[in-house]
Each structure stands twice: as structure tokens, then as C-alpha cells.
Amino acid sequence: MKIEAIFIGKTTPSYLNAGIELYRQRIIHYLPFEIKVLPDLKKGSVQSAIQIKEKESAQILSAVTGAGYFILLDEKGRQYDSTGFANCLQGISNRGIKKMAIVTGGAFGVDDRVKSAANQIISFSMLTFSHQLIRLILMEQVYRAMTILRNEKYHHA
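Going by numbering that gives the first Met the number 0, the sequence shown opens with residue 0, and the numbers climb by one from there.
Just so you know, these hints were derived from the structure itself, not from any lab.
Model, not experiment: these values are computed from the prediction.
Where is the CB? At the ideal position from N, CA and C, for every residue including glycine.
Be careful, since some hints might not be right.
To be verified - Only pairs whose alpha carbons sit at most 20 Å apart, straight line, appear in this in silico EDC-like list of lysine to aspartate or glutamate: (1) LYS98 <-> GLU33; (2) LYS35 <-> GLU53; (3) LYS1 <-> GLU139.
Said to hold, decoys possible - Derived CB-CB ranges, DEER-like: (4) GLU74 <-> LYS152: 26 to 34 Å; (5) THR64 <-> SER92: 30 to 38 Å; (6) GLY65 <-> GLN89: 33 to 41 Å; (7) SER115 <-> ALA48: 16 to 24 Å; (8) ALA48 <-> LYS98: 36 to 44 Å.
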């Protein structure tokens, strides 16, 4: 199964980029993995936060077309522990899904169209993380899931 992480806007802090790239390099040893960055829209006098959320949500819906399974990361989603998340990914793979998309929204989140289209909505914490930081957390958790599924020594539960 191929996993495609879909992000809105570039990751600007260099320390986050370094961590994301570190985990991307690790993940690709286990499965095909790609990061797709969609353009973000800037808030200004022309666009409100609601308009930006609607436009970015439309981009997301277009980007997930063709994915056999679509997970949205959202603070109100279902929470798993790391082993549960690994088992979730394995279960999706076991269904014969060829391509899965995991999406993080932009700074203003996503609208209800995206939430309705998602096969599953997941939260990594009851805390709220910036749309930039959650990318690194996602990457680490996907890598952790791969090591759990292969009984490797990275995860110490």
C-alpha cells in the first residue's frame, strides 16, 4: 500500500522540515510514501478565514480523488494509542487498498465537506497542534507504526 501525506502549504520552520525528511527517509524503507504539498492561501483583505478554509478544502477533495482510503487528522477525531494506530494502518492495507491519503488541514482547518468525505477522522492528541507541527508528529507515528508491525525495537510500550 502506498501512503500519501497531503499538507496545505510549505513547512516553513527548518527544524520541522529536517524532522519530516528524516522520517520520510525511514518510512520509504517499509512502503511507498509520498508527500504532496498543496498551495496555501493567505488571509488578507480579499479573503476571510472561512473563504480560505472553503478553497483549501476544495483542493484537498481534489487531491484525495483516487485514494482508496482517506484519513483526516482533526482534533475531534478518534484517538488511538501507537499500537492501535499501527493496527489501523495494517487493517486498511489488509483490505487490499492500494493508495491511502492522510491529510492535515491548513491553519484554519477544513470544512464539513472534507470531514464527510474522509473514511476516518483521527486525532493524535486532545491537545491542539499547529498545522505545521502535526506534520512531524504524523511522520513519526507512521514510522513508529511500521516498526510496531515488524516487531522492531523502536517502540517501547
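Structure-based check of all given hints:
no.	hint	verdict
1	LYS98 <-> GLU33	holds, 11 Å
2	LYS35 <-> GLU53	holds, 19 Å
3	LYS1 <-> GLU139	holds, 17 Å
4	GLU74 <-> LYS152: 26 to 34 Å	holds, 31 Å
5	THR64 <-> SER92: 30 to 38 Å	violated, 20 Å
6	GLY65 <-> GLN89: 33 to 41 Å	violated, 22 Å
7	SER115 <-> ALA48: 16 to 24 Å	holds, 20 Å
8	ALA48 <-> LYS98: 36 to 44 Å	violated, 31 Å
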